[in-house]
Amino acid sequence: MVARRAARSGGTVTAVTVPLVVLVVAACVALAGWASWFVVADRPVVLRQLGAATGVVALLLVQAVVAGVLLVRGDGSVSAGLFWAYVVTQVLVLPLAALWAFAERTRWSSVVLAVAALTVAFLEYRLVQIWGSR
Amino acid sequence: MSETRPTYAGPGRLVVAAYGLLALAATARGVYQLMDHGSEAPLAYALSVASGVVYVVATFALATDRRTLAWVAVLTELVGVLTVGAASLLVPDRFPDDTVWSRFGQGYGWVPLVLPLLGLLWLRRTGRPRAQ
Chain A
21 MVARRAARSG
31 GTVTAVTVPL
41 VVLVVAACVA
51 LAGWASWFVV
61 ADRPVVLRQL
71 GAATGVVALL
81 LVQAVVAGVL
91 LVRGDGSVSA
101 GLFWAYVVTQ
111 VLVLPLAALW
121 AFAERTRWSS
131 VVLAVAALTV
141 AFLEYRLVQI
151 WGSR
Chain B
221 MSETRPTYAG
231 PGRLVVAAYG
241 LLALAATARG
251 VYQLMDHGSE
261 APLAYALSVA
271 SGVVYVVATF
281 ALATDRRTLA
291 WVAVLTELVG
301 VLTVGAASLL
311 VPDRFPDDTV
321 WSRFGQGYGW
331 VPLVLPLLGL
341 LWLRRTGRPR
351 AQ
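Residue numbers (our numbering), protein chains in the order written: chain A, 21 to 154; chain B, 221 to 352.
Hints in this document: simulated from the structure, not taken from any laboratory.
You may find that some hints are simply not true.
[As the list claims (entries may be wrong)] From the derived model, a few chain B residues whose C-beta atoms are all more than 10 Å from chain A: (1) L244; (2) A248; (3) D256; (4) P349.
[Claimed, not checked] Residues from chain B that face chain A, not an exhaustive set, calculated with beta carbons under 7 Å: (5) G230; (6) P231; (7) L234; (8) A237; (9) R314.
From a predicted model like this one, the values you see are computed outputs, not experimental measurements.
All residues carry an ideal CB built from backbone N, CA and C; glycine is no exception.
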């Protein structure tokens, strides 16, 4: 791991991942805002919001592939198990909230979607912390 | 079942979701810490796993409307977070690394402290006979 840290070329990693991180967080905050507005309006989650959530998950998958490539090249320095556990969790949170949206046709599905989107944003923050922790 | 509201519907979705998240966070964290560097703070990590298991039980009970089990699990959490929270402040030497319940769940935005209270309120509210 020490050797890996030495081999880490911070420049390329930052250049590739920062726009992705910003995009993911912005998308999550936007989705959370949209869902929160539905909470206030007393409406359940609608299909278009699930479409947006699918977009966020697609971004997360792109990010996972990029992170995988960077790690294989030795550009990242992470505890692999911890990192991938967070990646998998992050990908699963929104689909679970989507299942809720079908089961609960009240405003509470919107609350859950808002919380889920903020959770993904928080997990993104933790991922950035973990990237470079070792 | 017919006289009380199910614990998983309406606002209960949020309660179940919050419990599910904490269950995952606590269990995964505890197991990872025990396996990765368990000898550094075995008590703290074992407590994290134990709290994770209690959260899993609570999530399952609330999601399936098993009220008695839910009461037991939620009360266990409340006692746990208060006991471990106090212990982590009184005898910090025994806790070289944090658990989910350390300092009353501060590392998790005090969610571990708030959630059992929320859970108890929710169980009490749904336990009353349904209106109409």
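How the hints compare with the structure:
1. L244: Per Cβ check, L244/B is inside 10 Å of chain A; nearest 7 Å; violated.
2. A248: violated, 6 Å
3. D256: violated, 7 Å
4. P349: Since the minimum Cβ distance to chain A is about 21 Å, P349/B lies beyond 10 Å and the statement holds.
5. G230: Status holds, d = 5 Å.
6. P231: holds, 6 Å
7. L234: holds, 5 Å
8. A237: Hint on A237/B: holds, closest Cβ of chain A at ~5 Å, below 7 Å.
9. R314: violated, 25 Å
Going down the numbered hints, you'll see the structure goes against 1, 2, 3, 9, while the others check out.
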